[in-house]
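Chains as they are written, first to last, in this note's numbering: chain A, 2 to 286; chain B, 3 to 340.
One should not assume that every hint holds.
Unchecked claim - Heads up, incomplete: computed chain A residues facing chain B, CB under 8 Å, no partners named:
{"id": "1", "residue": "2"}
{"id": "2", "residue": "94"}
{"id": "3", "residue": "98"}
{"id": "4", "residue": "110"}
{"id": "5", "residue": "223"}
{"id": "6", "residue": "261"}
Said to hold, decoys possible - Covered by chain A, per the in silico footprint, the following chain B stretches (three or more residues, Cβ under 8 Å):
{"id": "7", "stretch": "18-27"}
{"id": "8", "stretch": "106-120"}
{"id": "9", "stretch": "243-256"}
{"id": "10", "stretch": "294-302"}
Said to hold, decoys possible - Pair ranges (Cβ atoms, derived):
{"id": "11", "chain 1": "A", "residue 1": "81", "chain 2": "B", "residue 2": "116", "range": "32 to 42 Å"}
{"id": "12", "chain 1": "A", "residue 1": "2", "chain 2": "B", "residue 2": "105", "range": "35 to 45 Å"}
{"id": "13", "chain 1": "B", "residue 1": "185", "chain 2": "A", "residue 2": "150", "range": "50 to 60 Å"}
Hint data in this document are derived by calculation from the structure and do not stem from the laboratory.
Ideal Cβ positions, reconstructed from N, Cα and C, are used throughout, including at glycine.
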Amino acid sequence: MLFEILVYGGVASAVYAMLAIGLTLIVGLARVFNMAHGAFYMLGAYGVFTCSVFLELPLSLAVVVSLLAVALIALVIERVCLRPLKGSLEGTLFITLILALFFEEIIHLAFGPAARATPAFLSGRMVLGGTSVPAQRMLVVFVSLIIILGLWLFISRTKIGGAILSVSQDPEAASLMGINATRMIVLVNGIAACLAALSGILVAPFLSSSPTMWVMPLIKSFTIVILGGLGSVGGSILAALILGYSETMVAFLISPRISELVTLIILFLVIVLRPAGLMGAKTEA
Amino acid sequence: MSHPYAKRAFLDLNYVLAGIVLIILFCIPGLINDPYIWGILVMANIYAAFGISFDLLFGYAGLAVLGFGLFVGVGAYTAAFLNLYLGMPPFLTMPIAGLIGAIFGLLIGIPCLRLKGLYLALASFAAAAICEKLVIVFNDITYGREGLSGLDPISFGSFTNYYASLILLLVSIGILLIIVKSKLGLILKSICDDEPAAQAVGVNTNRYKLITFLISSFMGGFWGSFLAHYMMHVGPGVFGLHMAITIFMVTIVGGVGTIIGPVGGAYLLIIMNELLRGIGEIRLLIYAVITIVIYLLLPHGIVHPTMTFVLNGVKKMLNVLGIRGAEDNGASGDQESV
Numbered sequence: 002m003l004f005e006i007l008v009y010g011g012v013a014s015a016v017y018a019m020l021a022i023g024l025t026l027i028v029g030l031a032r033v034f035n036m037a038h039g040a041f042y043m044l045g046a047y048g049v050f051t052c053s054v055f056l057e058l059p060l061s062l063a064v065v066v067s068l069l070a071v072a073l074i075a076l077v078i079e080r081v082c083l084r085p086l087k088g089s090l091e092g093t094l095f096i097t098l099i100l101a102l103f104f105e106e107i108i109h110l111a112f113g114p115a116a117r118a119t120p121a122f123l124s125g126r127m128v129l130g131g132t133s134v135p136a137q138r139m140l141v142v143f144v145s146l147i148i149i150l151g152l153w154l155f156i157s158r159t160k161i162g163g164a165i166l167s168v169s170q171d172p173e174a175a176s177l178m179g180i181n182a183t184r185m186i187v188l189v190n191g192i193a194a195c196l197a198a199l200s201g202i203l204v205a206p207f208l209s210s211s212p213t214m215w216v217m218p219l220i221k222s223f224t225i226v227i228l229g230g231l232g233s234v235g236g237s238i239l240a241a242l243i244l245g246y247s248e249t250m251v252a253f254l255i256s257p258r259i260s261e262l263v264t265l266i267i268l269f270l271v272i273v274l275r276p277a278g279l280m281g282a283k284t285e286a
Numbered sequence: 003m004s005h006p007y008a009k010r011a012f013l014d015l016n017y018v019l020a021g022i023v024l025i026i027l028f029c030i031p032g033l034i035n036d037p038y039i040w041g042i043l044v045m046a047n048i049y050a051a052f053g054i055s056f057d058l059l060f061g062y063a064g065l066a067v068l069g070f071g072l073f074v075g076v077g078a079y080t081a082a083f084l085n086l087y088l089g090m091p092p093f094l095t096m097p098i099a100g101l102i103g104a105i106f107g108l109l110i111g112i113p114c115l116r117l118k119g120l121y122l123a124l125a126s127f128a129a130a131a132i133c134e135k136l137v138i139v140f141n142d143i144t145y146g147r148e149g150l151s152g153l154d155p156i157s158f159g160s161f162t163n164y165y166a167s168l169i170l171l172l173v174s175i176g177i178l179l180i181i182v183k184s185k186l187g188l189i190l191k192s193i194c195d196d197e198p199a200a201q202a203v204g205v206n207t208n209r210y211k212l213i214t215f216l217i218s219s220f221m222g223g224f225w226g227s228f229l230a231h232y233m234m235h236v237g238p239g240v241f242g243l244h245m246a247i248t249i250f251m252v253t254i255v256g257g258v259g260t261i262i263g264p265v266g267g268a269y270l271l272i273i274m275n276e277l278l279r280g281i282g283e284i285r286l287l288i289y290a291v292i293t294i295v296i297y298l299l300l301p302h303g304i305v306h307p308t309m310t311f312v313l314n315g316v317k318k319m320l321n322v323l324g325i326r327g328a329e330d331n332g333a334s335g336d337q338e339s340v
């Protein structure tokens, strides 16, 4: 039991970290609260489903195609909807929520309301310390670790990463240094959407896809972003671990029916008790 | 100035326009003898009521309460419990539902007092979603996702339902208009524009925010119970994100911070929804796109620009007819439409 909690909690945390880290970056960079983030997760899952089941592409190609498609959608949204709003909070909330509904409707029209199962990338199970875990879940942990490590290297070691950091610290000073802030925002938007889509793609085989699957991931990623502290990547990873393990513990020890309540209660309590989050500076959203 | 259309030019013509709209609304059952249409308008009235209650919080006090569905859902479930388990008639359950809604308004309002913006939106939404999940978990009294059915209807007939909703909506609009035109409305606007400044001149902003929460959640609960009795059914969806987005849409499309705006927004969206029904399931896509386009093109909502347009037209007609007095008004109207 203990080991199962350890493993499944790790899987959940890995998914949440991958889901939220892009949102954390974009919130830190542009203070844009994109409520369509959950929709990218959903579009990723359905993208692979379409490519592999209907178009019969090989799985790796299906993943690439759907990631590119989601990135394209995110960039169009950024250009057409987010940029003209210039960071207006209500406007962004409103437009991105409606966009999420829009994608829900598209999926509903195309695939119907029923849940769909995507073929697993890895079949079979792995035995870890006496518990057998489906290999697909371990793949999620593995991919998530690589992605987070890669992202960290990208931000801390490359010139573009430095530019992103400088824009998030002081956009004006960054633009005086010749950094194109808009281009950085576009780039990070694309990365955030891709990561959300990738987590959707990876969990689709064991959590079936349905048109309303975007809601809880959206809430979870915002919970992580706020719990970790706006814009703090380290805080988000810590928050993802807290969320993943507390949910898994509740699901195993009490009942899986109330595991979704955990996120919501954490979200409410964090906002009310400590809106700055675990590792964030005191800021106003 | 945050809402250019909030300040209206020639009041007299506005009252005339409002009178004409009222007469049309009261005559609709006589003009169109189709209970189906009446039903659509009842839904428009209900969403208009949600919209104006939300507008008090959002448009006046600047509190983006994304979890407004909480009050609606609490009201709806209160009505369902009282009606189904205790056998209370709708005219009793509705005020009680309003009161319970107001209690929840306080429960949410107090911890959220220092929040604004995204934090308030997410905290209130989390509260609503917690209630939704609890309703699903305690399925022995709430019947989970299926919800409770068989509530007593508001009245036994579409004709009386229509008038009940219309008259209650008018009363609600009246109450809210009195509130926003009073000192409270002014204070709320000042809190919305600059809270520290309002505090600096001695306004107890927390108190007024709580009063707003109370009024708005009372109305939300009351109309939530109206919705439950009208549909004769209540499910956990009333708490959910779709309800919240619909209320948001109604308010923003109609015009934020105007009270009258959301009424127009509700009628526009509900009627548009019905008109698009003929083209099948794709209508929701078109609906979403139209809403986004309206918002991007008319950020102040659709009602006041339309009213200004109509009134300018009327003014021009009056000028052509050579009626004195219209000219002075017209000048200010022109200025405003620039």
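Okay, the hints, checked on the actual structure:
1. Because the closest C-beta pair between residue 2(A) and chain B is about 23 Å apart, greater than 8 Å, the hint is violated.
2. Because the closest C-beta pair between residue 94(A) and chain B is about 6 Å apart, less than 8 Å, the hint holds.
3. Annotation: interface hint on residue 98(A) holds; nearest CB of chain B at approximately 5 Å, less than 8 Å.
4. At about 6 Å, the closest approach between the beta carbon of residue 110(A) and any beta carbon in chain B falls short of 8 Å, and the interface hint on this residue holds.
5. Annotation: interface hint on residue 223(A) holds; nearest CB of chain B at approximately 6 Å, less than 8 Å.
6. The beta carbon of residue 261(A) comes within 6 Å of a beta carbon in chain B, closer than 8 Å, and the hint placing it at the interface holds.
7. Counting residues of the stretch 18-27 of chain B whose beta carbon lies closer than 8 Å to any beta carbon of chain A gives 0, which falls short of the minimum of three for the stated coverage.
8. Under the rule that three or more residues need a Cβ within less than 8 Å of chain A, the assignment of the stretch 106-120 of chain B holds, with 6 such residues.
9. Requiring three or more residues with a Cβ within less than 8 Å of a Cβ of chain A, the coverage given for the stretch 243-256 of chain B holds, as 6 such residues are present.
10. Residues of the stretch 294-302 of chain B with a Cβ under 8 Å from some Cβ of chain A number 4, which satisfies the need for three, so the listed coverage holds.
11. Distance hint check: the CB atoms of residue 81(A) and residue 116(B) are about 35 Å apart, consistent with the given range 32 to 42 Å.
12. Range check, residue 2(A) to residue 105(B): about 41 Å between beta-carbon atoms, so the 35 to 45 Å window is met.
13. About 59 Å separates the C-beta atoms of residue 185(B) and residue 150(A), a value consistent with the hinted range of 50 to 60 Å.
Checked against the numbered hints above, the structure violates hints 1, 7; every other hint is satisfied.
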